[in-house]
Amino acid sequence: MIVGEQKPLQEIKDMIAGAEKVLLLGCGTCVTICFAGGEKEVGILASALRLATRLDGKEVDIREATVQRQCEWEYVDEVADQIQEADIVVSLACGIGVQTVAERFPDVWVVPGLNTSFLGQPVEQGVWSERCAACGNCLLMYTGGICPIARCSKSLLNGPCGGSQNGKCEINPEVDCAWQLIYDRLSRLGRLDLITENMPAKDWSTSRDGGPRKIVREDLRI
Amino acid sequence: MTTVSNLQRVLTKGHFAVTGEIGPPQSADASVITRKAAYLKGNVDAVNITDCQTAVVRMSSISVGKMLIDLGIEPVIQMTCRDRNRIAIQSDLLGAWALGARNLLCLTGDHQSFGNHPTAKNVFDLDSIQLLDMVRRMRDDKVFMCGEEIKGTEPRFFIGAASNPFADPFDFRPLRLAKKVKAGAQFIQTQLIYNVPKFSEFMRRVCDLGLHEKVYILGGVGPIKSAGAARYMATKVPGMDVPAEVVDRMVKTPKERAREEGIQICVEIIQQLREIPGVAGVHVMAIEWEEAVPEILTQAGLLPRPVIPPEITTAEQ
Ligand code: SF4
Ligand code: SF4
Numbered sequence: 239m240i241v242g243e244q245k246p247l248q249e250i251k252d253m254i255a256g257a258e259k260v261l262l263l264g265c266g267t268c269v270t271i272c273f274a275g276g277e278k279e280v281g282i283l284a285s286a287l288r289l290a291t292r293l294d295g296k297e298v299d300i301r302e303a304t305v306q307r308q309c310e311w312e313y314v315d316e317v318a319d320q321i322q323e324a325d326i327v328v329s330l331a332c333g334i335g336v337q338t339v340a341e342r343f344p345d346v347w348v349v350p351g352l353n354t355s356f357l358g359q360p361v362e363q364g365v366w367s368e369r370c371a372a373c374g375n376c377l378l379m380y381t382g383g384i385c386p387i388a389r390c391s392k393s394l395l396n397g398p399c400g401g402s403q404n405g406k407c408e409i410n411p412e413v414d415c416a417w418q419l420i421y422d423r424l425s426r427l428g429r430l431d432l433i434t435e436n437m438p439a440k441d442w443s444t445s446r447d448g449g450p451r452k453i454v455r456e457d458l459r460i
Numbered sequence: 022m023t024t025v026s027n028l029q030r031v032l033t034k035g036h037f038a039v040t041g042e043i044g045p046p047q048s049a050d051a052s053v054i055t056r057k058a059a060y061l062k063g064n065v066d067a068v069n070i071t072d073c074q075t076a077v078v079r080m081s082s083i084s085v086g087k088m089l090i091d092l093g094i095e096p097v098i099q100m101t102c103r104d105r106n107r108i109a110i111q112s113d114l115l116g117a118w119a120l121g122a123r124n125l126l127c128l129t130g131d132h133q134s135f136g137n138h139p140t141a142k143n144v145f146d147l148d149s150i151q152l153l154d155m156v157r158r159m160r161d162d163k164v165f166m167c168g169e170e171i172k173g174t175e176p177r178f179f180i181g182a183a184s185n186p187f188a189d190p191f192d193f194r195p196l197r198l199a200k201k202v203k204a205g206a207q208f209i210q211t212q213l214i215y216n217v218p219k220f221s222e223f224m225r226r227v228c229d230l231g232l233h234e235k236v237y238i239l240g241g242v243g244p245i246k247s248a249g250a251a252r253y254m255a256t257k258v259p260g261m262d263v264p265a266e267v268v269d270r271m272v273k274t275p276k277e278r279a280r281e282e283g284i285q286i287c288v289e290i291i292q293q294l295r296e297i298p299g300v301a302g303v304h305v306m307a308i309e310w311e312e313a314v315p316e317i318l319t320q321a322g323l324l325p326r327p328v329i330p331p332e333i334t335t336a337e338q
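Which chain is which? The protein sequence lines are S and W, in order. For the first sequence, the working numbering puts the final residue at 460, and the numbers step up evenly by one. For the second sequence, the working numbering puts the final residue at 338, and the numbers step up evenly by one.
In case anyone wonders, no lab produced these hints; they're calculated from the structure. Because the structure is a prediction, the values reported are computed rather than measured. A portion of the hints provided could be inaccurate.
Stated by the list, open to error - Dumping the calculated DSBU-like pairs for lysine-lysine here, alpha-carbon to alpha-carbon at most 35 Å:
| id | chain 1 | residue 1 | chain 2 | residue 2 |
| --- | --- | --- | --- | --- |
| 1 | S | Lys440 | W | Lys235 |
| 2 | W | Lys142 | S | Lys406 |
| 3 | W | Lys257 | S | Lys452 |
| 4 | S | Lys259 | S | Lys245 |
| 5 | W | Lys34 | S | Lys406 |
| 6 | S | Lys259 | S | Lys406 |
| 7 | W | Lys273 | S | Lys406 |
| 8 | W | Lys203 | W | Lys163 |
| 9 | W | Lys235 | W | Lys219 |
| 10 | W | Lys235 | W | Lys203 |
| 11 | W | Lys87 | W | Lys163 |
| 12 | W | Lys163 | W | Lys246 |
| 13 | W | Lys62 | W | Lys34 |
| 14 | S | Lys440 | W | Lys273 |
| 15 | S | Lys440 | S | Lys406 |
| 16 | S | Lys440 | W | Lys34 |
| 17 | S | Lys440 | W | Lys62 |
| 18 | W | Lys142 | S | Lys440 |
| 19 | S | Lys406 | W | Lys246 |
| 20 | S | Lys406 | W | Lys219 |
| 21 | W | Lys257 | S | Lys440 |
| 22 | W | Lys235 | W | Lys87 |
| 23 | S | Lys251 | W | Lys142 |
| 24 | S | Lys406 | W | Lys203 |
Based on the sequences and whatever the hints tell you, model everything.
This is the structure in structure tokens:
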């Protein structure tokens with residue numbers, strides 16, 4: 239899932255400064271699951287902003303809406319009227335949602351209420367952790383299902399660097415060393431042979447390094 | 022294959038090799054290099070120049086390498102993958118060779134979160150093993166990484182890599198060394214050794230894999246300046262193993278004798294390393310304490326260094 243985190247209230251307040259009609263637009267998918275931009279968070283943020291703007295002596299009309307998936311036009315179209323009436327839309331979706339609204343409504347000012355953090359997994363209640371960097375050419379078959387690109391701080395492909403210690407990464411004792419995880423899992427599966435082979439330099443052209451990516455499925459087009 | 026560097030000649034002739042290290046200044050001041058170089062000249066077979074060590078901006082290792090060459094000292098250029106992609110690395114390597122550098126140490130590099138630009142964008146296009154392979158192919162196959170031929174002079178480096186026997190998982194370390202050898206490493210310089218028994222165990226496994234016959238292994242050593250430095254290395258530096266006995270020994274030494282004791286410990290470790298099968302030399306890292314190197318090497322009986330004219334070993338492996 240896409241994991242996001244709400245921007246600080248002050249930053250959101252600064253972004254909406256001067257607006258009289260503000261729409262807070264939530265998304266019912268990933269950011270709801272990570273408690274950052276679903277209906278509930280939209281409600282909480284709306285109350286906080288109402289309070290904060292009132293304390294400043296300003297009359298701001300703060301409205302709320304949440305669509306099922308903000309990354310798809312057909313869903314944002316459901317709230318087209320509310321979007322068009324607003325001076326500013328604070329999107330509480332991931333960056334894709336913000337851009338979907340901006341693209342669909344060229345005359346509406348849209349700002350992000352979240353920081354889109356990473357592609358991750360809820361590992362325990364209240365904890366999300368990065369799992370994939372969307373490199374465009376998955377190599378999890380060589381690494382026991384643990385991603386060295388997203389989870390090793392140096393994106394190494396040939397085993398743990400000299401900073402790996404007690405299972406933790408050199409950058410921070412809170413961060414797991416991805417290569418220790420890979421080593422442990424492959425030893426358990428009896429497949430250490432996979433990492434004793436030299437892995438060649440990665441072709442990053444399928445990653446963001448090849449420019450913005452696009453998938454066209456001719457068989458699905460109408 | 023012909024030998025290209027003094028370091029390679031010393032090793033192929035079977036001498037116990039000694040390399041030193043200089044950390045370039047965090048400024049454009051060339052006099053720092055001249056001062057540090059004076060302690061190393063003639064006392065070591067080659068001098069490593071770190072590449073923005075711990076991700077702190079410093080004078081470029083290749084430019085310092087050129088200064089050393091002009092001073093009559095053979096450099097080992099350190100090249101990390103942190104700050105450059107494969108295009109920049111190959112470009113720098115062509116330049117380094119053209120300037121007369123003959124030894125290259127291929128490293129992944131410390132993460133930038135340690136340095137003075139923690140908000141920097143890192144590169145890590147290649148890892149150290151892919152870098153080794155690229156450098157070897159530039160030399161042996163005369164091609165760039167993309168497969169295109171190098172038309173004209175190719176860089177023919179004596180290629181090195183690093184190994185940290187004290188990082189985890191311990192069981193994988195000899196296997197990772199094997200990967201580096203397979204990729205093209207001809208010599209290895211290790212992380213600083215203070216835990217000699219653990220290093221011996223590592224070397225036993227390395228020899229079991231037959232790696233000591235394929236690569237020259239130089240044990241990393243360095244003098245500790247003070248009890249504080251010992252404690253810091255023991256607890257704060259990732260991948261370092263400084264046993265409690267070593268820290269205790271520094272703590273119990275009166276302050277005014279600390280430096281002497283640090284040098285003494287270093288000399289003792291060198292002597293122990295000389296007894297370990299498969300160890301071909303030592304790499305003395307006394308960054309910001311280069312003055313200590315002549316004394317360490319004198320006490321360890323490693324001076325004077327052998328002088329081997331290039332022609333003698335031409336055509337030897
Ligand atoms: S290899 Fe690439 S696609 Fe696969 S998990 Fe890692 S970043 Fe994602
Ligand atoms: S310690 Fe592990 S996760 Fe961290 S950079 Fe090194 S190999 Fe990667």
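Out of the numbered hints, which ones does the structure contradict? Of the numbered hints, 3, 5, 6, 12, 14, 16, 17 do not hold.
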